[in-house]
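S.K.: Spelled out from the first residue to the last, the chains are:
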Amino acid sequence: MDIVVFLKMVPDVVEELVVADTGKSLDTQFLRMKLNDPDDYSLEEALILKEKYGGTVTVVAMEAAEVDDVLFTALAKGADRIVKIPGDWTGIQAPAIAKVLASYFSSAGRQLGPDTLVLLGSQAIDDLEGEVAPYLSEILGAPYIGVITGISLDAEKKKVSVIKEFAGGLRGEFELPLPCVIGIQAAEKPPRYVPVAKVRSIMKTAKIETVDIAPPEITSGVTIEKMFIPEAAGKAKMIEGEPEQISAQIIDLLKETGILRR
Amino acid sequence: MPGPILILAEHLKGEIADITFEMLGIGRKLADELKVTLHSIVFGKEAESIAANLGVSDSVFVVNNPQMDIPSTDIASNILKSLIEQKNYSLVLIGGTNVSTGIGPKLSFRSGLPFINFCRNIWVKDGMVGFTSQLFGGKILSDVGLPGNRGIICIYPGSFPSNAGKSDKKPSIETLSLPAEETKVVFKQYIEPEAGDVDITKQDVLVSIGRGISNADNISMAEELAAILGGAVCASRPVIDQGWLPLSRQVGKSGMTVKPKLYLSLGVSGAPEHVEGMKDSGLILAINTDPNAPIFSVAQYGICADLFDIIPPLIEKLKT
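For the record, the sequence lines run as chains A and B. For the first sequence, my numbering puts the final residue at 262, and the numbers step up evenly by one. For the second sequence, my numbering puts the final residue at 320, and the numbers step up evenly by one.
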């Protein structure tokens, strides 16, 4: 199986986000980028599949801050090839990202083969204009399913069986033929740990392949009027003080509301 | 003159999803303001009986196809595309749920209409429709517009009141007979939730843990607190994905919706997917180190502190 995993970098929301002076985007100066969480699971699922059924894992990412580290880490975890699509992709919209990723398959020496499985995160926190995976499946003409938490391959290695999450713990099993595009929500196991020393030593010898793709001239048809930080982010009445005082206040509150008797 | 508005009504195992009524409520309001009609469409073998409950819309299209109980993204987007061409819809509203995921972008691609994700608010001003979307886990809101005043909108669950979408009125129902279509993505079976040791939907007190719990060994502290308060421990997605607690303890979009009397949230940031499952709890008390954590806009009481500084003395005090 030829497994291709697309990874996307997104702003780390643990950091404080600042809106740029234009009021229409984030101030990138203060952004710390991290790998989109579901994409981390996509990579893990790809590595699990390779261990179970053999094949190769190719990890592809568009250029962004910190992306080299993410790609080398993927290699250290067990990916076979790492590929970067160079360029300044700041502010690129979901339909255009899908176009770039689709172009990857028509670049020299690469193709969407009969045994290609394309994995992406089911969604990213910055997907304002859509979700990349279904757009990609449309351009490639390959079937798609999203919100997947498990994949297995059939004996002839022509079809995959997948588990999709619905709601309330209810899930469903679906089957689809290769090649296909799958949006991953979570893997069967948490992403594996790789020691930093191993990543560092791989960085010294390994190389990131590059594939040049021209920025597509498509827009989403959605205009951003303004971005802002939601007000009332502090609707909660804040309880302050030393831990001892705080815990006493919590107990008072629980008594007042009748949750604690006495 | 804008075209009518269409809602993709969603249901799961015969039960109409709340998002359907949310969309009907806001859809009705927009249709009245724009002076256009409101249509709905339902797929699946029980489509007809479901359609009877959608009286807030002027008319309902029914596609009585048993294969579409779980809508295939391919077939659904083809049917919706041809309806858009026939009726010239201005807006198509789709639920931002796991069931409907993927239909919006596919329909956008096939119809050429733009797509807006994570929509939390919609308004009409001077004949133009405006939208607010949430981004970055609810930490940023973005006002967006559609220059052509037409588009496909993915409504984030919990954004609009569902009561406004309920009515005893009977809508006019039209059954669409469409040629059978094949999809390569075949639904095989449902996998029912594993019965957990504890049913978190039936607890009066829930101690909820998130990423801030740091590692599996710390869960015993939350368990101890829950035991003293006569409740159980539940968790947000990251804790479940780490395998620290079973799926039956997950609160949020893919997990359970809970309404305990007390929801004590420890180290949960309050991503919208989590809030969806707990916002209707009685008393919500949240502890988080990040003063900007979205959980503080849902909680009535907040404590900006390290949960490991607060919980041990709290347990000690409760024991005495």
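Since the hints were made in silico from the structure, they are not lab data. Quantities reported herein were computed from a predicted structural model and do not represent experimental measurements. C-beta atoms are modelled at their ideal positions from N, C-alpha and C, and glycine is treated no differently. Hints may contain errors.
[Claimed, not checked] Calculated Cβ distances over 12 angstroms to all of chain B for the following chain A residues:
1. L17
2. S25
3. G54
4. Q111
5. I125
6. K164
7. A167
8. A186
9. P195
10. K207
[Said to hold, decoys possible] Straight-line distance between alpha carbons at most 25 angstroms, and here's what the computed PhoX-like set of lysine-lysine pairs gives:
11. A:K235 to A:K34
12. B:K169 to B:K13
13. B:K188 to A:K158
14. B:K13 to A:K255
15. A:K237 to B:K170
16. B:K259 to A:K159
17. A:K52 to B:K188
18. B:K259 to A:K235
19. B:K170 to A:K99
20. A:K226 to A:K50
21. B:K35 to B:K169
22. A:K52 to A:K226
23. B:K184 to A:K159
24. B:K45 to B:K81
25. B:K125 to B:K13
26. A:K157 to B:K184
27. A:K226 to B:K125
28. A:K52 to A:K77
29. B:K184 to A:K99
30. B:K188 to A:K157
31. A:K189 to A:K255
32. A:K50 to B:K184
S.K.: The structure should be examined with respect to each hint, and the outcome stated for every one.
M.R.: Now for the hints, and whether the structure bears them out:
1. For A:L17, the requirement that its beta carbon stay farther than 12 angstroms from each beta carbon of chain B is not met, with the minimum near 5 angstroms.
2. Once the 12 angstroms rule is applied to beta carbons, A:S25 is inconsistent with being away from chain B; the minimum gap is 9 angstroms.
3. In this structure A:G54 is separated from chain B by more than 12 angstroms, as the shortest Cβ-Cβ distance comes to about 24 angstroms.
4. With a minimum CB-CB distance of about 19 angstroms to chain B, A:Q111 clears the 12 angstroms threshold, and the non-interface call stands.
5. Against the 12 angstroms criterion, A:I125 falls within the reach of chain B, whose nearest CB is about 5 angstroms from its own CB.
6. A beta-carbon of chain B is positioned within 12 angstroms of the beta-carbon of A:K164; the least distance is around 7 angstroms.
7. With 12 angstroms as the threshold on Cβ separation, the claim that A:A167 sits away from chain B is violated: the shortest Cβ distance comes to roughly 6 angstroms.
8. At roughly 5 angstroms from the closest C-beta of chain B, the C-beta of A:A186 falls inside 12 angstroms, breaking its exclusion from the interface.
9. A cut-off of 12 angstroms between C-beta atoms confirms that A:P195 is not in contact with chain B; the least separation is 18 angstroms.
10. For A:K207, the shortest C-beta to C-beta distance to chain B comes to about 32 angstroms, beyond the 12 angstroms cut-off, and the non-interface label holds.
11. Pair hint A:K235 plus A:K34 does not hold up; C-alpha atoms about 29 angstroms apart against a cutoff of 25 angstroms.
12. In summary, the hint linking B:K169 to B:K13 is supported, as the alpha carbons are separated by about 24 angstroms, within the 25 angstroms threshold.
13. The hinted pair formed by B:K188 and A:K158 meets the criterion: a straight-line CA distance of about 17 angstroms does not exceed 25 angstroms.
14. With a CA separation close to 41 angstroms, the supplied pair B:K13 and A:K255 exceeds the 25 angstroms bound.
15. With a C-alpha separation of about 45 angstroms, the suggested pairing of A:K237 with B:K170 is violated against the 25 angstroms cut-off.
16. Only pairs whose Cα atoms come within 25 angstroms are accepted, and B:K259 paired with A:K159 is rejected, the gap being roughly 41 angstroms.
17. Restraint check for A:K52 and B:K188: the C-alpha separation of about 23 angstroms stays at or below 25 angstroms, so the hint holds.
18. For the suggested pair B:K259 and A:K235, the alpha carbons sit about 19 angstroms apart, so the restraint of at most 25 angstroms is met.
19. Between B:K170 and A:K99 the alpha-carbon distance is near 44 angstroms, which puts this suggested pair outside the 25 angstroms criterion.
20. For the given pair, A:K226 sits about 44 angstroms from A:K50 by alpha-carbon distance, which is inconsistent with the 25 angstroms threshold.
21. Between the alpha carbons of B:K35 and B:K169 the distance comes to roughly 20 angstroms, so the proposed pair stays at or under 25 angstroms and holds.
22. About 47 angstroms separates the Cα atoms of A:K52 and A:K226, which puts this hinted pair outside 25 angstroms; it is violated.
23. Under the criterion of a C-alpha separation no larger than 25 angstroms, the hint pairing B:K184 with A:K159 is consistent with the structure, at around 10 angstroms.
24. Of the supplied pair hints, the one linking B:K45 and B:K81 holds, its CA atoms being roughly 21 angstroms apart against a limit of 25 angstroms.
25. Only pairs whose Cα atoms come within 25 angstroms are accepted, and B:K125 paired with B:K13 is rejected, the gap being roughly 38 angstroms.
26. Between A:K157 and B:K184 the alpha-carbon distance is near 16 angstroms, which keeps this suggested pair within the 25 angstroms criterion.
27. For the suggested pair A:K226 and B:K125, the alpha carbons sit about 16 angstroms apart, so the restraint of at most 25 angstroms is met.
28. Taking the CA atoms of A:K52 and A:K77, the gap is near 15 angstroms; set against the 25 angstroms cutoff, the hint holds.
29. At roughly 22 angstroms between alpha-carbon atoms, B:K184 and A:K99 fall within 25 angstroms of each other, so this suggested pair holds.
30. Distance check on the hinted pair: B:K188 and A:K157 sit about 18 angstroms apart at the alpha-carbon level, within 25 angstroms; holds.
31. This hinted pair does not check out: A:K189 and A:K255 have alpha carbons roughly 41 angstroms apart, beyond 25 angstroms.
32. For the suggested pair A:K50 and B:K184, the alpha carbons sit about 24 angstroms apart, so the restraint of at most 25 angstroms is met.
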